[in-house]
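Chemist: Sequences listed follow chains A and B, in order.
To convert a position in the first sequence, counted from 1, into the numbering used here, add 15.
To convert a position in the second sequence, counted from 1, into the numbering used here, add 16.
There's no promise every hint is true.
[Said to hold, decoys possible] BS3-like, lysine-lysine: derived pairs with alpha carbons at most 30 Å apart:
id, chain 1, residue 1, chain 2, residue 2
1, B, Lys113, B, Lys19
2, B, Lys19, A, Lys117
3, A, Lys77, A, Lys117
4, A, Lys97, B, Lys19
5, A, Lys62, A, Lys77
6, B, Lys113, A, Lys77
It should be emphasised that the hints constitute simulated quantities derived from the structure, not laboratory data.
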Amino acid sequence: MLHLIQKSPFQSQCLNECLKIAGANDSFLLMLDGVYALQWPDFLNNKLIFNDSENTDKRLQKITVLEDDLLARGLVIPETHKDSIVAINYTQFVELTLNNSKTLSWF
Amino acid sequence: MTKNILVIQRTAPYGSSLGREGLDYVLTSAAYDQNISLLFLGDGAFQLLSNQQSKHINLKNQLSALEVLPLYDIENLYVTQEDLSERNLSQSQLGIKVIVIKRADVHNLIEQQDHVVGF
Chain A
16 MLHLIQKSPF QSQCLNECLK IAGANDSFLL MLDGVYALQW PDFLNNKLIF
66 NDSENTDKRL QKITVLEDDL LARGLVIPET HKDSIVAINY TQFVELTLNN
116 SKTLSWF
Chain B
17 MTKNILVIQR TAPYGSSLGR EGLDYVLTSA AYDQNISLLF LGDGAFQLLS
67 NQQSKHINLK NQLSALEVLP LYDIENLYVT QEDLSERNLS QSQLGIKVIV
117 IKRADVHNLI EQQDHVVGF
């Protein structure tokens, strides 16, 4: 399933609550103020999402961020996560929703 | 009569219109010759980030708007070191000149004011 993270993790419990119930194969899209998760150590260091052991390849493309929202806010994908987080456009966003049986917005 | 007014910006720039509205309040007050200071608290710190390209989401650039404040003699812009650190931000990533204070000093800053307005 796909989780759409839409609020800043510093101001909302959205992402925190999402991470508590998310499954190991779930996908995540950071959008709107959700892109500020890239500045949140608890997200970047989350073992469930960025487990470096077994499914590294499987994980690839699973954590995405909407490029327009990223650029608008003056943020970049951290150097440490260049391989694990992918910036996507709106067309790819649509594809992502089509490739997942369920989509849940967190706001 | 001139009063000391502290405006506290507590939200990131584009997720809501609060940052923009706070700035409208600041510019209006300055036009009435009030002594304005701004504190960027919590996610408000994100308003200061350089390289905001808000054209991608068709909104006005918040940093460009903040850059005009010195023209209105508003030069007391504050952010806390703790809020920057918690957000993985360094001073070099900020697009305008701000005074970095400690979180423990925020209470004093507020005490020095006649009025405080939060956005």
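Chemist: Next, verify each hint and record whether it holds.
Modeler: Comparing the hints with the structure gives:
1. B:Lys113 x B:Lys19: Judged against 30 Å, a Cα distance of about 23 Å means the pair holds.
2. B:Lys19 x A:Lys117: violated (54 Å)
3. A:Lys77 x A:Lys117: Holds: Lys77 (chain A) and Lys117 (chain A) sit about 14 Å apart, inside 30 Å.
4. A:Lys97 x B:Lys19: violated (49 Å)
5. A:Lys62 x A:Lys77: Judged against 30 Å, a Cα distance of about 14 Å means the pair holds.
6. B:Lys113 x A:Lys77: violated (38 Å)
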